[in-house]
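J.: Residue numbers (the numbering used here), protein chains in the order written: chain F, 54 to 285; chain L, 54 to 285.
The hints are simulated quantities; they were obtained by calculation from the structure and are not laboratory data.
If you're wondering where the values come from, they're calculated on a predicted model, not measured in any experiment.
Positions of the beta carbon are idealized from the N, C-alpha and C atoms, including for glycine.
The reader is advised that the hints may include incorrect statements.
[What the hints assert, rightly or not] Label-pair restraints from in silico Cβ distances:
#: 1; chain 1: L; residue 1: ARG118; chain 2: F; residue 2: ALA230; range: 45 to 55 Å
#: 2; chain 1: F; residue 1: GLY128; chain 2: L; residue 2: ARG257; range: 27 to 37 Å
#: 3; chain 1: F; residue 1: HIS103; chain 2: L; residue 2: ALA194; range: 41 to 51 Å
#: 4; chain 1: F; residue 1: GLN258; chain 2: L; residue 2: PRO261; range: 23 to 33 Å
#: 5; chain 1: F; residue 1: SER82; chain 2: L; residue 2: ARG257; range: 16 to 26 Å
#: 6; chain 1: F; residue 1: VAL237; chain 2: L; residue 2: ARG257; range: 51 to 61 Å
#: 7; chain 1: L; residue 1: ARG83; chain 2: F; residue 2: GLY128; range: 25 to 35 Å
These are the residues of each chain, in order.
There are 2 protein chains.
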Amino acid sequence: MGKLGVIGGMGPEATAFFYEEVIAHTDASRDQEHLDMVIISQASMPDRTHAILTGNDTRLLEVMREDAQALETLGCTCIAIPCNTSHYFYDQIQSFTSVPVIHMPREAVSEAVRTRGARRIGVMGTDGTVQSGIYARACEAAGVECVVPSPARQADVMSIIYENVKAGHPADMRKFALVVDELVRRGCDAIILACTELSVVRRRQGAPETCLDAMDVLVREAIVRSGKLYRP
Amino acid sequence: MGKLGVIGGMGPEATAFFYEEVIAHTDASRDQEHLDMVIISQASMPDRTHAILTGNDTRLLEVMREDAQALETLGCTCIAIPCNTSHYFYDQIQSFTSVPVIHMPREAVSEAVRTRGARRIGVMGTDGTVQSGIYARACEAAGVECVVPSPARQADVMSIIYENVKAGHPADMRKFALVVDELVRRGCDAIILACTELSVVRRRQGAPETCLDAMDVLVREAIVRSGKLYRP
Numbered sequence: 054m055g056k057l058g059v060i061g062g063m064g065p066e067a068t069a070f071f072y073e074e075v076i077a078h079t080d081a082s083r084d085q086e087h088l089d090m091v092i093i094s095q096a097s098m099p100d101r102t103h104a105i106l107t108g109n110d111t112r113l114l115e116v117m118r119e120d121a122q123a124l125e126t127l128g129c130t131c132i133a134i135p136c137n138t139s140h141y142f143y144d145q146i147q148s149f150t151s152v153p154v155i156h157m158p159r160e161a162v163s164e165a166v167r168t169r170g171a172r173r174i175g176v177m178g179t180d181g182t183v184q185s186g187i188y189a190r191a192c193e194a195a196g197v198e199c200v201v202p203s204p205a206r207q208a209d210v211m212s213i214i215y216e217n218v219k220a221g222h223p224a225d226m227r228k229f230a231l232v233v234d235e236l237v238r239r240g241c242d243a244i245i246l247a248c249t250e251l252s253v254v255r256r257r258q259g260a261p262e263t264c265l266d267a268m269d270v271l272v273r274e275a276i277v278r279s280g281k282l283y284r285p
Numbered sequence: 054m055g056k057l058g059v060i061g062g063m064g065p066e067a068t069a070f071f072y073e074e075v076i077a078h079t080d081a082s083r084d085q086e087h088l089d090m091v092i093i094s095q096a097s098m099p100d101r102t103h104a105i106l107t108g109n110d111t112r113l114l115e116v117m118r119e120d121a122q123a124l125e126t127l128g129c130t131c132i133a134i135p136c137n138t139s140h141y142f143y144d145q146i147q148s149f150t151s152v153p154v155i156h157m158p159r160e161a162v163s164e165a166v167r168t169r170g171a172r173r174i175g176v177m178g179t180d181g182t183v184q185s186g187i188y189a190r191a192c193e194a195a196g197v198e199c200v201v202p203s204p205a206r207q208a209d210v211m212s213i214i215y216e217n218v219k220a221g222h223p224a225d226m227r228k229f230a231l232v233v234d235e236l237v238r239r240g241c242d243a244i245i246l247a248c249t250e251l252s253v254v255r256r257r258q259g260a261p262e263t264c265l266d267a268m269d270v271l272v273r274e275a276i277v278r279s280g281k282l283y284r285p
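Bound conformation, chain F alone (with noise of 0.2 Å):
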């Protein structure tokens, strides 16, 4: 039987997020039949957006190498990220450890196209994940269109993530529903609420049938390939 390791902690409250959700769905009816997991919440992970946007890389990837080999260190069979900026650096990671790491984008994109057929992907997402383009390239690879928010609805979707979520506030779901406005305007047939502090704010306070929860995915992922079966 697998044992799911966690590189977690950006920020805590989306992987305690995580953490649950993985219990919710794993099919299980006594303490054994759950998944044997090794949470590292390492809440002092210098900021990804900002690592992505200055260069200044070196002191996140140093602790992300830590803490991959920790996992690998401590048996871990599958190593989740429930961050998906953090997936930037997806290649590195991969390549501290032997242990298969879960592409988060790339499951959720190849979700989006798979369930709902979907030809032209919105993302919501910090600056790190929308202007590193992390998510382009996956929709690329899938050979879908990728649509990021204007400027000014992107300056939305960053103030409910950090002014709102990771401060310990209700999003203020007027921005959010104008960012999804905008973007089924422009074509998108799906939006990838690609976030986890987006998934805190679709399970606390709802989100349009059109969003896509790239952490639903990382879920299902993260609980398949540890050997358990998965309850929608």
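Position chain L against the provided structure of chain F, taking the given hints into account.
T.: Chain L in isolation, oriented as in the chain F frame:
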């Protein structure tokens, strides 16, 4: 700054709840102000009540040793175990590592005496917690009386923990009220919820004022001993 180690997964739901509570009660407004934590969610840990009642605890102690030592190796400065029953093995677990392990039952009793002036404390927990006298010893050391439910009411507590919460169902609050009423009738001036599954019940479905949650006390101790500010 401290790093909190958690021996968890007993059950996973309770550990996820503990993790969320630590985040919610840490005075922080951005990721980097939160605690660094390592959570070993060892769902496959043998059942604690079973180990205590049968004396068959070799495998359980082996796993506890591995987890405690892994947390020490990863630089944890304090260890929390969000499972009351496991504290039956407290002395052994503490002997496996030089990192201080928080004693949840002692801290909970001390809190009941300090903040409520309790002289007669009722305890709701698993058969393992109740029959092993973990709380009875903590009460004795604090110079107060310990009252446990009658066999019929203790069966109600076990049913709430195993058939309801651990199996993913809501608690039968009629049974919960029967237990509380009995303990109050027998003169208890405080009732300690001494099982993390009951903390989950309290959060989701509520509990009378007379109930004091051992988990709350563990959360505060974990935050404060890791050098962060506790936010009530």
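J.: Using the C-beta atoms of F:SER82 and L:ARG257, is the stated range 16 to 26 Å upheld?
T.: 18 Å, holds
J.: Please check whether L:ARG118 and F:ALA230 have a Cβ separation lying inside 45 to 55 Å.
T.: Since the Cβ atoms of L:ARG118 and F:ALA230 sit about 53 Å apart, the hinted range of 45 to 55 Å holds.
J.: With 51 to 61 Å as the target window, see if F:VAL237 and L:ARG257 comply at their CB atoms.
T.: The hint (51 to 61 Å, Cβ to Cβ) is violated, given that F:VAL237 and L:ARG257 are roughly 35 Å apart.
J.: Hint says 41 to 51 Å; check whether the CB-CB distance for F:HIS103 and L:ALA194 agrees.
T.: 50 Å, holds
J.: Is it true that L:ARG83 and F:GLY128 lie within 25 to 35 Å of each other by Cβ?
T.: Since the Cβ atoms of L:ARG83 and F:GLY128 sit about 33 Å apart, the hinted range of 25 to 35 Å holds.
J.: Between the beta carbons of F:GLY128 and L:ARG257, is the distance compatible with 27 to 37 Å?
T.: 33 Å, holds
J.: Can the suggested window of 23 to 33 Å be confirmed for the beta-carbon pair F:GLN258 and L:PRO261?
T.: 30 Å, holds
The structure fails hint 6 only (numbered hints given earlier).
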